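Let the hints inform the model, and build the full structure from the sequences given.
Residue numbers (numbering that gives the first Met the number 0): 0 to 167.
Everything labelled a hint here was simulated from the structure, so no lab data went into it.
Warning: the hint list may mix true and false statements.
[Unchecked claim] 20 Å max Cα-Cα, derived SDA-like pairs, lysine to any residue: (1) LYS119 - ALA139; (2) LYS119 - PRO92; (3) LYS1 - SER124; (4) LYS119 - THR88; (5) LYS22 - VAL69; (6) LYS143 - PHE49; (7) LYS72 - GLU112; (8) LYS1 - VAL121; (9) LYS91 - ILE111; (10) LYS22 - LEU141; (11) LYS119 - GLN149; (12) LYS119 - GLU148; (13) LYS101 - GLU112; (14) LYS22 - PRO92; (15) LYS101 - VAL130; (16) LYS163 - LEU153; (17) LYS119 - TYR58; (18) LYS163 - ILE136; (19) LYS91 - VAL121; (20) LYS1 - ALA70; (21) LYS22 - PHE82; (22) LYS119 - LEU89; (23) LYS72 - ILE93; (24) LYS22 - VAL130; (25) LYS91 - LEU141; (26) LYS119 - PRO135; (27) LYS1 - PHE82; (28) LYS1 - LYS101; (29) LYS143 - ALA96; (30) LYS1 - LEU141; (31) LYS101 - LEU33; (32) LYS22 - GLU138; (33) LYS101 - LYS119; (34) LYS163 - SER124; (35) LYS163 - TYR58; (36) LYS101 - ILE136; (37) LYS91 - LYS143.
As the structure is a computational prediction, the values presented were derived from the model and not from experiment.
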Amino acid sequence: MKTGIVVLGAPNEADGSLSVIAKSRCDKAFEVYLNNPGSYILCTGGYGSFNLSAHPHGYLTQRYLMSLGVAEKVFLDNAPSRFTLEDATLAKPILEAAGIQKLILVSSEFHIERVGYVFKHVFPSMILQSVSAITPISEAELVKLYAHEQFAMLREEENINQLKSREL
0 MKTGIVVLGA PNEADGSLSV IAKSRCDKAF EVYLNNPGSY ILCTGGYGSF
50 NLSAHPHGYL TQRYLMSLGV AEKVFLDNAP SRFTLEDATL AKPILEAAGI
100 QKLILVSSEF HIERVGYVFK HVFPSMILQS VSAITPISEA ELVKLYAHEQ
150 FAMLREEENI NQLKSREL
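Pasting the structure below:
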């Protein structure tokens, strides 16, 4: 079964260096890749408040994964997204063109529930597996991120409903 690993974007610095959130996601994706030989990797993330560097975030995470030893031929085109729903909608044509049948979604523990929700609706017939990266930040920061996710999930539910109504 042709498997794709989707690495969800996270913030990076203006100089292009990855945040601890982005690195933890990449490190987990690398671990997943090593345990799934023959799989492909798609990195998400374009430009926005999370990335003011000269390169799309997906490019930066791809380069980081290559520095860990992932061959360039393993990577599918990056999805230059700005938010989670766009991660899924921009990744969809890339993954479909590659004939991917199973997706392993890699994101942070505070974000993975929303990722699974969105991808389940954008890829209803795809086999999906979610893998959480543990984020090396303080408990106080993690609490703030979980609180943000509660608000973001409400917005995502509205976005999915709008997406479904456009497809009818």
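Violated hints - listed by number, lowest first: 1, 7, 14, 17, 18, 25, 26, 27, 29, 30, 35, 36 and 37
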